[in-house]
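With the hints as extra help, turn the sequences into a complete structure.
2 protein chains.
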Amino acid sequence: MGGGVHGGVDLERLSLNQATVEQWSLREAVEGCARHGIGWIGPWRHKVAELGLAASARLIRDAGLRVSSLCRGGWFPAATPAERRSRIEDNLRAVEEAAELGTDVLVLVCGPAPDRDLPGARAMVAEGVAATMERAAACSVRLAIEPLHPMFAGDRSVIVTLAEALDLAERFPASRCGVVVDVYHVWWDPAVEAQVARAGDRILGYHVSDWIVPPPDVLLGRGMMGDGVIDLRRLRGVVEAAGYEGPIEVEIFNQALRDAPGDEVLALLTRRFLSVV
Amino acid sequence: MGGGVHGGVDLERLSLNQATVEQWSLREAVEGCARHGIGWIGPWRHKVAELGLAASARLIRDAGLRVSSLCRGGWFPAATPAERRSRIEDNLRAVEEAAELGTDVLVLVCGPAPDRDLPGARAMVAEGVAATMERAAACSVRLAIEPLHPMFAGDRSVIVTLAEALDLAERFPASRCGVVVDVYHVWWDPAVEAQVARAGDRILGYHVSDWIVPPPDVLLGRGMMGDGVIDLRRLRGVVEAAGYEGPIEVEIFNQALRDAPGDEVLALLTRRFLSVV
Numbered sequence: 001m002g003g004g005v006h007g008g009v010d011l012e013r014l015s016l017n018q019a020t021v022e023q024w025s026l027r028e029a030v031e032g033c034a035r036h037g038i039g040w041i042g043p044w045r046h047k048v049a050e051l052g053l054a055a056s057a058r059l060i061r062d063a064g065l066r067v068s069s070l071c072r073g074g075w076f077p078a079a080t081p082a083e084r085r086s087r088i089e090d091n092l093r094a095v096e097e098a099a100e101l102g103t104d105v106l107v108l109v110c111g112p113a114p115d116r117d118l119p120g121a122r123a124m125v126a127e128g129v130a131a132t133m134e135r136a137a138a139c140s141v142r143l144a145i146e147p148l149h150p151m152f153a154g155d156r157s158v159i160v161t162l163a164e165a166l167d168l169a170e171r172f173p174a175s176r177c178g179v180v181v182d183v184y185h186v187w188w189d190p191a192v193e194a195q196v197a198r199a200g201d202r203i204l205g206y207h208v209s210d211w212i213v214p215p216p217d218v219l220l221g222r223g224m225m226g227d228g229v230i231d232l233r234r235l236r237g238v239v240e241a242a243g244y245e246g247p248i249e250v251e252i253f254n255q256a257l258r259d260a261p262g263d264e265v266l267a268l269l270t271r272r273f274l275s276v277v
Numbered sequence: 278m279g280g281g282v283h284g285g286v287d288l289e290r291l292s293l294n295q296a297t298v299e300q301w302s303l304r305e306a307v308e309g310c311a312r313h314g315i316g317w318i319g320p321w322r323h324k325v326a327e328l329g330l331a332a333s334a335r336l337i338r339d340a341g342l343r344v345s346s347l348c349r350g351g352w353f354p355a356a357t358p359a360e361r362r363s364r365i366e367d368n369l370r371a372v373e374e375a376a377e378l379g380t381d382v383l384v385l386v387c388g389p390a391p392d393r394d395l396p397g398a399r400a401m402v403a404e405g406v407a408a409t410m411e412r413a414a415a416c417s418v419r420l421a422i423e424p425l426h427p428m429f430a431g432d433r434s435v436i437v438t439l440a441e442a443l444d445l446a447e448r449f450p451a452s453r454c455g456v457v458v459d460v461y462h463v464w465w466d467p468a469v470e471a472q473v474a475r476a477g478d479r480i481l482g483y484h485v486s487d488w489i490v491p492p493p494d495v496l497l498g499r500g501m502m503g504d505g506v507i508d509l510r511r512l513r514g515v516v517e518a519a520g521y522e523g524p525i526e527v528e529i530f531n532q533a534l535r536d537a538p539g540d541e542v543l544a545l546l547t548r549r550f551l552s553v554v
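Quick note, the sequences are listed as chains P and D, same order. For the first sequence, this note's numbering gives the first residue as 1, with consecutive numbering after it. For the second sequence, this note's numbering gives the first residue as 278, with consecutive numbering after it.
Honestly, the hints are just simulated from the structure, not real lab data. Quantities reported herein were computed from a predicted structural model and do not represent experimental measurements. It cannot be assumed that every hint is accurate.
[Said to hold, decoys possible] Now the in silico label distances, taken between C-beta atoms and shown as ranges:
| hint | chain 1 | residue 1 | chain 2 | residue 2 | range |
| --- | --- | --- | --- | --- | --- |
| 1 | P | S275 | D | G285 | 54 to 64 angstroms |
| 2 | D | L545 | P | D117 | 22 to 32 angstroms |
| 3 | P | D90 | D | P491 | 18 to 28 angstroms |
[What the hints assert, rightly or not] If you want the footprint, here are the derived chain P segments under chain D, 3+ residues with CB under 8 angstroms:
| hint | segment |
| --- | --- |
| 4 | 35 to 46 |
| 5 | 158 to 166 |
We put the CB at the ideal spot given by N, CA and C, even for glycine.
Right, here's the structure in full:
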């Protein structure tokens with residue numbers, strides 16, 4: 001464990017979620033982590049596909065990086081049974097990719113409704129998770145349901161609160177199914193402390209960024225830690241009090257960061273990780 | 278009751294929230310309602326202030342319009358006790374303005390935190406509501422706490438769920454304090470049906486618009502009813518099953534509607550009110 005304790009959090013826990021540096025290929029991200037002393041990475045499937053699964057796994061392994069999670073499975077609701085089956089098959093592939101990459105956490109972004117029927121779409125999500133569970137168990141991969149901010153209820157996920165994600169996860173053994181706590185998605189929730197405490201050992205990931213006021217964009221307006229109003233120290237305390245001691249992914253969807261040189265982004269996020277997370 | 282039943286809802290229940298036609302003065306909005314057969318209006322205080330309170334009240338009364346609510350009080354949290362006192366005094370004035378305008382409903386948009394302390398700001402909201410209650414009772418005005426969509430937690434309201442609004446409202450008698458159910462703010466909530474049922478006779482207003490996918494803007498991206506993904510018929514059914522039979526305010530913060538001729542907006546919203554609400 002080479003990282004020192006700075007401002008309360010150990011650099012050793014920092015993981016680079018690749019969406020933060022979308023301008024980089026997986027190879028560039030892996031090399032960037034090496035230059036900046038980052039020991040974990042959270043790759044996205046489209047970046048893995050560019051390089052190929054086997055080559056990606058080898059690249060990461062040879063660099064000595066650990067994989068905190070794979071983004072993402074999910075996106076279960078669809079208008080027809082055939083399309084829903086196709087989504088589930090994609091999730092089965094995602095489970096295998098996660099295992100091949102050396103992580104036991106597959107993040108699920110559950111998807112929007114195909115129509116105006118939210119309860120119906122939520123039932124499709126539950127069916128999809130259930131249908132993916134056996135393959136996940138066979139691959140020793142845990143399914144990590146990520147509640148998204150309610151402003152994504154129309155286009156990205158009908159699962160929008162930690163309570164709802166846990167209601168679903170608790171239908172399965174804790175060893176197989178849990179949740180991701182992303183501060184951007186849950187910081188507003190008056191029940192966040194109670195629900196994180198309830199989550200306990202079902203917390204399979206902790207993601208940080210910040211909420212800029214006012215938000216510059218719906219999808220690409222997340223802020224660098226310290227640039228917004230989220231009480232990051234308090235939330236990390238709550239998550240750690242619940243027992244989570246794993247990697248902390250920095251996942252910032254922000255257009256300005258994607259337009260900047262990746263090394264500048266990594267230098268800044270490493271500093272901010274130590275000073276405000 | 279001159280309105281007929283069309284598509285399930287009576288035109289008689291339509292109220293024009295003035296924020297929908299921000300391009301109009303209060304006088305223009307009142308005259309527009311007359312031209313379009315709209316019997317209710319929900320004025321905003323800055324528009325009332327332009328014309329003057331007494332003149333506004335007379336204008337509305339002489340036109341035979343009823344006032345469904347006044348927007349808005351609230352905005353309680355502030356960094357200093359002096360500033361919080363000043364916010365409460367503004368709410369006392371808002372209560373009196375509501376009474377003078379002939380409505381017994383003052384909508385509260387509770388305001389953001391002055392810092393990163395959400396629980397602290399929520400306590401300030403509770404103090405502010407309590408401090409406004411006596412004047413509200415004296416004026417026979419009910420305080421209607423409006424939970425805002427969680428994407429406004431950073432800049433407009435720390436009260437972001439119906440459950441939270443009701444937890445606060447229930448500290449006071451139902452005759453004095455309730456909630457506004459605005460579909461745009463609550464449609465995503467997996468608990469919306471249960472919380473609306475819980476609200477019962479504390480529902481002091483029902484607001485409609487729609488959620489466009491993807492949202493074109495954070496503040497001014499609300500959609501005309503029928504242009505988005507909210508299941509308006511289902512939500513009206515839930516609200517009516519809870520006992521609410523009052524006016525339905527059309528409140529759409531949308532830049533394109535504000536750039537359009539007001540009469541076109543009123544013609545469209547009246548048609549959509551009948552066909553999809």
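Structure versus earlier hints, numbers of those that do not hold, lowest first: Number 4 - this is the single hint that the structure violates.
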